[in-house]
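Here are the chains, one letter per residue:
There are 2 protein chains.
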Amino acid sequence: MAAKTDIARRVYNHAWKLDPIVRSLLDTDFYKLLMLQMIWKLHPEVNATFSVINRTKSVRLADDIDEQELRDQLDHCRELRFTKKEMIWLAGNSFYGRKQIFEPEFVSWLANFRLPPYELSRRDGQYEITFEGRWVETTMWEIPALAIINELRSRAAMKGLGQFTLDVIYARAKSRMWEKVQRLRQYPGLRISDFGTRRRHSFLWQRWCVEALKEGIGPAFTGTSNVLLAMDTDLEAVGTNAHELPMVKAALANNDAELGAAPYTVLEDWKQLYGGNLLIVLPDAFGTAAFLRNAPEWVADWTGFRPDSAPPIEGGEKIIAWWKAHGRDPKEKLLIFSDGLDVDTIIETYKHFHGKVRMSFGWGTNLTNDFHDCAPDDLVGLDAISVVCKVTEANGRPAVKLSDNPRKATGEPSEVERYKRFFGTEDFHELLVKV
Amino acid sequence: MAAKTDIARRVYNHAWKLDPIVRSLLDTDFYKLLMLQMIWKLHPEVNATFSVINRTKSVRLADDIDEQELRDQLDHCRELRFTKKEMIWLAGNSFYGRKQIFEPEFVSWLANFRLPPYELSRRDGQYEITFEGRWVETTMWEIPALAIINELRSRAAMKGLGQFTLDVIYARAKSRMWEKVQRLRQYPGLRISDFGTRRRHSFLWQRWCVEALKEGIGPAFTGTSNVLLAMDTDLEAVGTNAHELPMVKAALANNDAELGAAPYTVLEDWKQLYGGNLLIVLPDAFGTAAFLRNAPEWVADWTGFRPDSAPPIEGGEKIIAWWKAHGRDPKEKLLIFSDGLDVDTIIETYKHFHGKVRMSFGWGTNLTNDFHDCAPDDLVGLDAISVVCKVTEANGRPAVKLSDNPRKATGEPSEVERYKRFFGTEDFHELLVKV
Numbered sequence: 001m002a003a004k005t006d007i008a009r010r011v012y013n014h015a016w017k018l019d020p021i022v023r024s025l026l027d028t029d030f031y032k033l034l035m036l037q038m039i040w041k042l043h044p045e046v047n048a049t050f051s052v053i054n055r056t057k058s059v060r061l062a063d064d065i066d067e068q069e070l071r072d073q074l075d076h077c078r079e080l081r082f083t084k085k086e087m088i089w090l091a092g093n094s095f096y097g098r099k100q101i102f103e104p105e106f107v108s109w110l111a112n113f114r115l116p117p118y119e120l121s122r123r124d125g126q127y128e129i130t131f132e133g134r135w136v137e138t139t140m141w142e143i144p145a146l147a148i149i150n151e152l153r154s155r156a157a158m159k160g161l162g163q164f165t166l167d168v169i170y171a172r173a174k175s176r177m178w179e180k181v182q183r184l185r186q187y188p189g190l191r192i193s194d195f196g197t198r199r200r201h202s203f204l205w206q207r208w209c210v211e212a213l214k215e216g217i218g219p220a221f222t223g224t225s226n227v228l229l230a231m232d233t234d235l236e237a238v239g240t241n242a243h244e245l246p247m248v249k250a251a252l253a254n255n256d257a258e259l260g261a262a263p264y265t266v267l268e269d270w271k272q273l274y275g276g277n278l279l280i281v282l283p284d285a286f287g288t289a290a291f292l293r294n295a296p297e298w299v300a301d302w303t304g305f306r307p308d309s310a311p312p313i314e315g316g317e318k319i320i321a322w323w324k325a326h327g328r329d330p331k332e333k334l335l336i337f338s339d340g341l342d343v344d345t346i347i348e349t350y351k352h353f354h355g356k357v358r359m360s361f362g363w364g365t366n367l368t369n370d371f372h373d374c375a376p377d378d379l380v381g382l383d384a385i386s387v388v389c390k391v392t393e394a395n396g397r398p399a400v401k402l403s404d405n406p407r408k409a410t411g412e413p414s415e416v417e418r419y420k421r422f423f424g425t426e427d428f429h430e431l432l433v434k435v
Numbered sequence: 001m002a003a004k005t006d007i008a009r010r011v012y013n014h015a016w017k018l019d020p021i022v023r024s025l026l027d028t029d030f031y032k033l034l035m036l037q038m039i040w041k042l043h044p045e046v047n048a049t050f051s052v053i054n055r056t057k058s059v060r061l062a063d064d065i066d067e068q069e070l071r072d073q074l075d076h077c078r079e080l081r082f083t084k085k086e087m088i089w090l091a092g093n094s095f096y097g098r099k100q101i102f103e104p105e106f107v108s109w110l111a112n113f114r115l116p117p118y119e120l121s122r123r124d125g126q127y128e129i130t131f132e133g134r135w136v137e138t139t140m141w142e143i144p145a146l147a148i149i150n151e152l153r154s155r156a157a158m159k160g161l162g163q164f165t166l167d168v169i170y171a172r173a174k175s176r177m178w179e180k181v182q183r184l185r186q187y188p189g190l191r192i193s194d195f196g197t198r199r200r201h202s203f204l205w206q207r208w209c210v211e212a213l214k215e216g217i218g219p220a221f222t223g224t225s226n227v228l229l230a231m232d233t234d235l236e237a238v239g240t241n242a243h244e245l246p247m248v249k250a251a252l253a254n255n256d257a258e259l260g261a262a263p264y265t266v267l268e269d270w271k272q273l274y275g276g277n278l279l280i281v282l283p284d285a286f287g288t289a290a291f292l293r294n295a296p297e298w299v300a301d302w303t304g305f306r307p308d309s310a311p312p313i314e315g316g317e318k319i320i321a322w323w324k325a326h327g328r329d330p331k332e333k334l335l336i337f338s339d340g341l342d343v344d345t346i347i348e349t350y351k352h353f354h355g356k357v358r359m360s361f362g363w364g365t366n367l368t369n370d371f372h373d374c375a376p377d378d379l380v381g382l383d384a385i386s387v388v389c390k391v392t393e394a395n396g397r398p399a400v401k402l403s404d405n406p407r408k409a410t411g412e413p414s415e416v417e418r419y420k421r422f423f424g425t426e427d428f429h430e431l432l433v434k435v
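So the protein sequences, as listed, match chains C and B.
Letter by letter, the first sequence follows residues 1 to 435 in the numbering used here.
Letter by letter, the second sequence follows residues 1 to 435 in the numbering used here.
Simulated from the structure, these hints should not be mistaken for lab results.
A couple of the hints might just be wrong.
Straight-line distance between alpha carbons at most 27 Å, and here's what the computed DSS-like set of lysine-lysine pairs gives [said to hold, decoys possible]:
(1) B:159 to B:57
(2) B:159 to C:159
(3) B:271 to B:331
(4) B:331 to C:214
(5) B:390 to B:420
(6) B:351 to B:331
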C-alpha cells in the first residue's frame, strides 16, 4: 500500500533546465498595470531607465547569486507574453468595483508586450542591473527583477540543505505566520492586503502566505497586489500608484515652476483615467511636508493618502491635521500604510487611528519574507534585504526621490541636494530603512 | 512548466479501501519481542488476557472513533505476518551489541505468528477490547491496539479539516518539535530514545519525530523502541521488559511465598535469556519500596533500574541510596526514566543526576503526540489521552499492577487491595497520570 515513486516525475524534477521564478507577466503588482495604462496613454514616447539598487550593502549579491542563473531567469522573463486567458481576465474583471478599468485598446496593446533588454554587470560585489528604453516597457521590469533577485538569494541560501532541514525551515515559517494571523484576527476591523511580491522569499511562499491570510483573517484580508495571485485565488487585486510617476514628471520639468507643480500635475493625469478608491495620494516623493504645504485645495477631495516613509502614527496624524485644516472629515478619508509593516506596527497603528480615520495596511516584506531564525543554524542568507528598482533617468535627465526618510533617497547626490533645497527638508526622519 | 497532477495517484488516493495504521508486525516496541521470546521459551502454555483501558474517562472513545473503522484496522493487523526480510533482519542484526539475541528456533516460530482474535463491545461511551488466548500470542496486541486507537482518534479529530488547516497543524507541531530539539541539544551528554509508539499521533508523525531527533541531537539520540523504525532508519532498537512479566508471575502464584517471590523469580527467568544492558529492573509493579525492601542481594548486580511511576528525582534517589546501601557505585549503574517525560523533566532530571549515575530517557507521548494547541481552533481531539493495554488475567486468575502511583493501578479492586496489603503501600505517590 506504500505510495509508489512516480519515476517520470522524479526524472523530470532532476532534468529541467530552469525552475522559473516569474512565470507570468501578471506576476507583478497591480499598480504597475494601472500606471502602465497611464504611461501608455499619456507618455508613450518618454524614455525611462530603471536601476536595481541594493541598499543592504553588507550583503554582496554578486557573491551570493550565480550570474548565469540570474541571466537565465531574466531571459526567461523576456520570453513571457500576456496569455489570452490573462487578457480576457484583465478586460472582464472588476477592479475596485469598476468594470473595464483597462481600455480595450490597452488590453489589445498588451498582447504584443514583452519586457525590453536588460544590462547586467558586476561592481564591488553587487550586480548593476539597468533597464533602458521606453518607459512604457521598462516600468514593467521593477517587480519581476526584484522577485528574481530575492528568490535567487533564498535559493542560494538553502542550496545544499537536507530535505529534513528544509522541512523544518518551512514548518517554522508557517508556524510563525500563523501566530501573526492569530494576533491579527483579534482585530476584526482591520483591513490588510498583501504587498509582498517584490520582496518575497519565493513565489510559492507568497502564495502560501496569501492563502494563510485568506483562511485566517477572512474579510479583514482585502486582497493582494499580485495580479496573478488575485486571479488564481479569486481575491481583489489592490494597489494604486508609485513614486515613479512624480519622479519622471519632476525629471522632465523644464523649470522650477514645472518642478514644483510635478507632484500635483501627476495627480491630474491620474484622475483623467481613474476615480473613486484609486484616488490615493502618495505624498512623500519629495517630502510630505512640502507636498502638503503647496497642495492645491482639490487634493483634499481625493479618497486618501498612502504615507510611505514617515513613522505611521506621526505621518498619519499630519495628514489628518491637513484634512481638518481643509475642512474635511478624516472619518470619510482613507490612510493606506505600507512602509516596513510588521504585526506590532499594524496593531499599534490600528489602535491609534481606530475611529478617527478609515485605514488599510499594505503588508510587504514582513509578510512574505520573514525567515529570520527559521533555519536551524542561523542562515543570514534568509534574512530579507532592502533591494529596490527605481527610475533613475527620464529622457536622459536624472530622476530623484527624497521621501520623508533621507536614507530612502535615490538619485545622483547633486540632484538630491538640488531637490532638497527646492522642496525643503522639514519633518524629515532619518530612520533605519525597514525591509 | 507547472507540476502535472498524477491522475492515477489521485484516483488511487480516493479509491483505497483502508489506510492501514499498522502495516508490519515489527511496528511494535522492541521489548515485546524480547518478552515474546521469553514467554515462548518459558511459558508457552500460559493463557493471558489483555484489555484496553482508557484512563481518560472524559474522552468517550466510542463516540469519537467509528466502530467499523476500528474493526477494519484490527482485522488488518490480523492479516499481517513477519516477512522474510523482517525475520532475516531480526536474526542477523545486533541488539545491545549482541548478535543472535533471538534464537533461530524462535525466529522460525515467528514465521507462522499471527495476532489472535479480539473481542470488541461498547459500554458507557468506551470500547471494551479484550484479547484472550495464549500469552505468547495475546501479548503482541498491546502496541498495535494502542497505536490504532490513538491514530484513529487523531484522524477523527482532523476529519473535515481543510488542507490548509492541516498544513498549519503539522507546521506548528514540527516547529514545536524543533524547539524541543534545540533545547535538548544544549545538553550533549543526554541519552534519549523514542518510546512513543503506543501513544503516537500517527505512524508518519512518529517517523518524522524520530528523524528530527536523529538529525537534531545526533549521538544523544540512542535509538527507538519501534522495531520497524529502527530497521528502516538504521537506529538501535531499544527496550527491555514490562510490567506484564511480574504481573503474570504474581497472578499465577499459588501462595504468599510465591507471590512475594514473583518480582524476583521473573528477573531470574529474564537472566536466563539476556545479559548486559538488558539487565534492567522494572521495580514498581507492586511498589518500588516493597521491591527494594525484599530484594535479594544479586539484584544489585544488575545493570540498572527503570523507575516508571515515581517522580523521577525522588524515585531515582531511592534507588541510588539502595545501591549505595548494598555497596555498589551508582556511577557504574544506569537509571532509565520513561514515565510522562517532557523536555522540562528530562533536563531537570538530567541536571540533578549528572555525574552521579548513568542515565537515559525513554521519551514517549510528549515526543510523538504533542499537538496541544497546534490546531488553529482548539481541537481537543488532538490532545493525547492515557490509554493502556494491560494483562488482566493469567490462566483465569486476575492480574494486578500497583505501581508507585495508585492512579496507575490496574486490576479488580478486591485484588488490588489484597496486593496492597501484601506488598504495603509505603512511598506511594498519588499523582496525576501524565500521558
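We went through each hint and held it up to the structure:
Of the supplied pair hints, the one linking residue 159 (chain B) and residue 57 (chain B) holds, its CA atoms being roughly 22 Å apart against a limit of 27 Å. Taken as a hint, the residue 159 (chain B) and residue 159 (chain C) pair is broken in the structure, with Cα atoms around 36 Å apart against an allowance of 27 Å. Between residue 271 (chain B) and residue 331 (chain B) the CA atoms are separated by roughly 22 Å; this keeps the pair inside 27 Å, and the hint holds. This hinted pair does not check out: residue 331 (chain B) and residue 214 (chain C) have alpha carbons roughly 58 Å apart, beyond 27 Å.
For the hint pairing residue 390 (chain B) with residue 420 (chain B), the CA-to-CA distance comes to about 18 Å; that is within 27 Å, so the pair holds. Annotation: proposed proximity of residue 351 (chain B) to residue 331 (chain B) holds, straight-line Cα distance about 15 Å (limit 27 Å).
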